[in-house]
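**Student:** Residue strings, one per chain:
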Amino acid sequence: MSTLSTGHGASTPAGGGSVPDTRRPGAARDSGRVDLMARLHEWTVTVDHKRLGILYVASGLFFFVIAGIQATLMRLQLVVPVNDFLTPDTFNRLFTMHGTTMVFLVGMPVLLGIANFLVPLMIGARDMAFPRLNAFGFWLFLFGGLLLYYSYIGSAGLYGAGSTPDAGWFMYAPLTTRSFSRGNATDYWILGIMVSGFGSMTTAVNLVATIFSMRCPGMTLMRMPLLVWMMIVVAVLILAVMPVLTAAQVMLLFDRSLGAHFFNPQQEGSALLWQHLFWFFGHPEVYILILPAFGFISEIIPVFSRKVIFGYPLMVAATVAICFISLGVWAHHMFVAGLSPFLNALFAASTFLISVPTGIKIFNWIGTMWGGRIRFDVPMLFATGFLALFVFGGLTGIMLAVVPFDWQLSDTYFVVGHFHYVLIGGTLFGIFGAIFYWFPKAFGCKLDERLGKWTFWIFLIGFTLTFFPMHISGMLGMPRRIYTYQPDRGWELWNLISTIGVPLQIAGVSILVWNIIRTLRRGEPCGDDPWDAWTLEWATTSPPPEWNFHEVPVCTSRRPLWDRKHPEDPDEHYE
Amino acid sequence: MSTMSDPARHHESATPVSREAVRSSPRPDHGSAGGGAGGGAALVADGAWRPARGRVGVACLIFSESAFFCAFIVAYLYYIGRDRSGPTPWQVLELPPVLVNSVALLSSSATIVMALHALRRGAIQQFRLWLLATILLGAYFLYGTGVEWNGLIRDHQLTIATNLFGTTFYSLVGFHAFHVTVGLLLLSLTLVLSLLGHVKPERDHGRVDLLSWYWHFVDVVWIFVFFTVYIVGRQPPGGAT
Numbered sequence: 001m002s003t004l005s006t007g008h009g010a011s012t013p014a015g016g017g018s019v020p021d022t023r024r025p026g027a028a029r030d031s032g033r034v035d036l037m038a039r040l041h042e043w044t045v046t047v048d049h050k051r052l053g054i055l056y057v058a059s060g061l062f063f064f065v066i067a068g069i070q071a072t073l074m075r076l077q078l079v080v081p082v083n084d085f086l087t088p089d090t091f092n093r094l095f096t097m098h099g100t101t102m103v104f105l106v107g108m109p110v111l112l113g114i115a116n117f118l119v120p121l122m123i124g125a126r127d128m129a130f131p132r133l134n135a136f137g138f139w140l141f142l143f144g145g146l147l148l149y150y151s152y153i154g155s156a157g158l159y160g161a162g163s164t165p166d167a168g169w170f171m172y173a174p175l176t177t178r179s180f181s182r183g184n185a186t187d188y189w190i191l192g193i194m195v196s197g198f199g200s201m202t203t204a205v206n207l208v209a210t211i212f213s214m215r216c217p218g219m220t221l222m223r224m225p226l227l228v229w230m231m232i233v234v235a236v237l238i239l240a241v242m243p244v245l246t247a248a249q250v251m252l253l254f255d256r257s258l259g260a261h262f263f264n265p266q267q268e269g270s271a272l273l274w275q276h277l278f279w280f281f282g283h284p285e286v287y288i289l290i291l292p293a294f295g296f297i298s299e300i301i302p303v304f305s306r307k308v309i310f311g312y313p314l315m316v317a318a319t320v321a322i323c324f325i326s327l328g329v330w331a332h333h334m335f336v337a338g339l340s341p342f343l344n345a346l347f348a349a350s351t352f353l354i355s356v357p358t359g360i361k362i363f364n365w366i367g368t369m370w371g372g373r374i375r376f377d378v379p380m381l382f383a384t385g386f387l388a389l390f391v392f393g394g395l396t397g398i399m400l401a402v403v404p405f406d407w408q409l410s411d412t413y414f415v416v417g418h419f420h421y422v423l424i425g426g427t428l429f430g431i432f433g434a435i436f437y438w439f440p441k442a443f444g445c446k447l448d449e450r451l452g453k454w455t456f457w458i459f460l461i462g463f464t465l466t467f468f469p470m471h472i473s474g475m476l477g478m479p480r481r482i483y484t485y486q487p488d489r490g491w492e493l494w495n496l497i498s499t500i501g502v503p504l505q506i507a508g509v510s511i512l513v514w515n516i517i518r519t520l521r522r523g524e525p526c527g528d529d530p531w532d533a534w535t536l537e538w539a540t541t542s543p544p545p546e547w548n549f550h551e552v553p554v555c556t557s558r559r560p561l562w563d564r565k566h567p568e569d570p571d572e573h574y575e
Numbered sequence: 001m002s003t004m005s006d007p008a009r010h011h012e013s014a015t016p017v018s019r020e021a022v023r024s025s026p027r028p029d030h031g032s033a034g035g036g037a038g039g040g041a042a043l044v045a046d047g048a049w050r051p052a053r054g055r056v057g058v059a060c061l062i063f064s065e066s067a068f069f070c071a072f073i074v075a076y077l078y079y080i081g082r083d084r085s086g087p088t089p090w091q092v093l094e095l096p097p098v099l100v101n102s103v104a105l106l107s108s109s110a111t112i113v114m115a116l117h118a119l120r121r122g123a124i125q126q127f128r129l130w131l132l133a134t135i136l137l138g139a140y141f142l143y144g145t146g147v148e149w150n151g152l153i154r155d156h157q158l159t160i161a162t163n164l165f166g167t168t169f170y171s172l173v174g175f176h177a178f179h180v181t182v183g184l185l186l187l188s189l190t191l192v193l194s195l196l197g198h199v200k201p202e203r204d205h206g207r208v209d210l211l212s213w214y215w216h217f218v219d220v221v222w223i224f225v226f227f228t229v230y231i232v233g234r235q236p237p238g239g240a241t
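Listed in order, the protein sequences are those of chains A and B.
Under the working numbering, think of the first position of the first sequence as 1, with each following residue one higher.
Under the working numbering, think of the first position of the second sequence as 1, with each following residue one higher.
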């Protein structure tokens with residue numbers, strides 16, 4: 001393997017020992033004086049996949065805080081019956097912007113950002129396949145997000161901004177037709193999300209090309225880390241469904257600006273077509289949001305259980321199966337729209353079917369932990385929290401796939417509880433786990449364990465307090481998206497508990513942010529491989545140099561770093 | 001397959017030595033395309049499949065563009081015959097000029113193949129001629145579409161706002177025409193670069209090949225659009241005219 005070493009890296013031992021800190025992202029080069037403008041310029045023009053990954057995550061967290069504030073305002077409005085803290089209009093705008101922001105400006109960019117950072121390192125490549133396209137994608141996403149938020153500036157008319165979108169993150173026609181949505185709010189939604197959607201698509205192209213074309217010697221497809229497998233499936237899903245959303249948005253834009261009739265029922269257009277197109281994108285979108293989290297968990301659980309992932313080929317097969325089945329389940333969002341019983345049965349069946357590969361994954365993660373020497377560091381805490389909460393959210397999902405049950409509970413808080421369990425308990429816990437796990441790789445120092453545990457427990461309790469009661473208030477008949485309610489419905493207690501959970505979640509996130517800032521300012525260097533992990537990203541220095549690896553790594557099994565640490569007992573015999 | 005874009009850094013790297021190391025280290029990313037002499041073969045000794053990244057990129061682009069067109073085709077099919085008011089497709093769409101147009105566009109797929117063959121042989125002059133032929137055929141198609149639209153708007157008062165037929169027709173056909181336009185711009189750019197002497201057969205054959213993928217894709221989309229709009233969509237309901 002040493003034949004592949006470069007002139008420069010030949011003297012550096014594999015895995016790197018102590019390499020001078022000069023290549024740390026953002027570190028001052030020669031003199032001690034840091035020129036802020038120069039540093040900003042450096043980050044603005046960067047095409048380095050690691051820096052872009054960090055930029056993605058940072059901007060995602062920024063939007064996360066904004067969307068969290070919006071959620072807090074909504075919970076405050078609902079804390080007691082007949083509250084007039086917010087006007088109905090404001091409430092509509094809040095839930096629209098909260099949903100849109102969380103899905104498009106938090107979930108996707110953070111997940112794609114982590115993928116951006118990790119995938120080239122994990123497959124032993126020097127960069128993404130198209131570095132400049134990568135940078136372009138990030139800036140498209142950011143400007144798309146800013147364009148959406150521009151609609152906040154100047155209510156009712158400044159630059160035609162009108163106000164913010166208020167028709168829900170799914171923008172159902174005919175609510176979004178000219179007659180019901182005046183001003184330009186909906187146009188801001190269309191254009192902002194379209195632009196950041198182009199950004200996601202460029203990243204997806206880049207991921208596919210990187211993973212297929214740039215794997216290091218020995219890295220066959222079946223030796224790739226599971227995270228890389230999940231990411232390629234996510235990228236393919238993005239390429240398959242984001243253009244459909246873009247097409248639907250173009251149609252809506254034509255309706256609104258050119259007087260076309262795609263979704264205008266008064267001109268024979270169909271509101272159902274929007275639902276079909278939107279959910280053809282929208283349901284795979286939740287797999288786009290959850291599969292990377294599956295990937296994070298699949299990397300974290302083996303390392304902290306000191307065991308090889310259980311059933312690697314089955315995990316890969318399940319991931320690919322989820323990709324295909326997820327393209328055929330969209331109409332389960334439309335059981336109450338009046339499709340035929342045959343279609344309802346078909347989509348109920350496909351929804352049940354998709355729980356099979358998902359269940360396989362859950363069992364494999366538990367199988368990996370079974371009999372392992374488990375270390376409950378913070379990443380592992382989040383991984384196990386993920387398992388518990390995702391199983392719960394998955395089960396309520398199966399309940400909702402039962403058509404008569406869905407007829408009862410569609411558009412109630414039960415559904416709100418369900419998807420927050422999946423998207424927060426799943427995606428967000430996965431992201432938090434990933435941040436704790438890979439932070440040392442990105443910045444060379446570990447986040448504080450004690451503060452991390454506080455984050456986990458406080459956030460978990462707050463999360464449960466907020467979202468578990470929603471199942472109950474939903475079953476008691478509380479509809480989604482109402483801005484207030486009468487005191488005689490029996491919903492007061494559950495809404496009160498829901499709102500009490502909010503400050504706890506805020507506290508958890510604040511501790512995380514404080515932890516990150518504190519560690520960035522004065523964290524102790526922790527070495528290149530603080531978790532004693534097995535995948536290639538830990539084979540280089542922390543933080544990695546600009547060119548990632550001093551010598552091109554070689555891979556002989558699924559755990560190349562294990563092989564390097566234990567040459568007497570290489571992994572390949574066990575595959 | 002040549003390098004699509006060197007991942008050259010825009011910011012200064014740590015030391016000149018390491019920068020040189022970045023440049024000279026073997027590149028694992030060229031795979032079966034055989035990047036350079038030496039190293040390449042040893043690097044892919046695992047026998048794993050590694051396509052050239054430019055091809056994967058363009059294949060992804062075509063895949064997502066197909067999804068985009070699918071949405072518009074589905075919308076077109078969904079709305080056929082739903083209009084309460086005219087004009088309807090069977091009243092106003094004329095087949096003969098569109099057939100001529102289609103023949104022009106589809107033959108341009110053949111001419112770009114000829115151009116590519118010429119480039120591979122190193123016959124740069126023939127390459128330019130075949131490329132010019134491709135551009136002219138594509139331009140004729142656009143011209144024909146313009147004539148058709150002009151007729152529809154002037155003689156039949158059919159605009160995108162008239163009825164669902166107008167809505168879906170102009171969106172679908174318009175997006176295809178837009179893609180033809182983008183392709184024509186890229187082809188013209190290639191022709192200009194070649195006339196200025198910037199197209200080198202051995203170096204740029206791969207790039208022109210990728211451009212031809214896009215052009216073929218535009219043609220294939222036209223086959224689907226033609227079938228949807230002029231065959232399926234032109235059937236009068238119940239055989240009445």
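Be careful, since some hints might not be right.
[What the hints assert, rightly or not] Below 25 Å or equal to it, Euclidean Cα-Cα: the simulated SDA-like pairs (lysine to any residue) are:
{"hint": "1", "chain 1": "B", "residue 1": "200", "chain 2": "A", "residue 2": "532"}
{"hint": "2", "chain 1": "A", "residue 1": "565", "chain 2": "B", "residue 2": "46"}
{"hint": "3", "chain 1": "A", "residue 1": "307", "chain 2": "A", "residue 2": "531"}
{"hint": "4", "chain 1": "A", "residue 1": "565", "chain 2": "A", "residue 2": "529"}
{"hint": "5", "chain 1": "A", "residue 1": "453", "chain 2": "A", "residue 2": "565"}
{"hint": "6", "chain 1": "A", "residue 1": "307", "chain 2": "A", "residue 2": "132"}
Keep in mind the hints are simulated off the structure, nothing from the lab.
Here the structure is a predicted model, which means the values were calculated and not measured.
**Student:** With reference to the structure, classify each hint as holding or not holding.
**Tutor:** Verification of the supplied hints:
1. B:200 - A:532: 50 Å, violated
2. A:565 - B:46: 22 Å, holds
3. A:307 - A:531: Holds, at about 13 Å.
4. A:565 - A:529: The given pair, whose Cα atoms are some 11 Å apart, holds under the 25 Å limit.
5. A:453 - A:565: Violated. Residue 453 (chain A) to residue 565 (chain A) sits at ~30 Å, over the 25 Å cutoff.
6. A:307 - A:132: Given pair residue 307 (chain A), residue 132 (chain A) is violated - Cα atoms ~38 Å apart, limit 25 Å.
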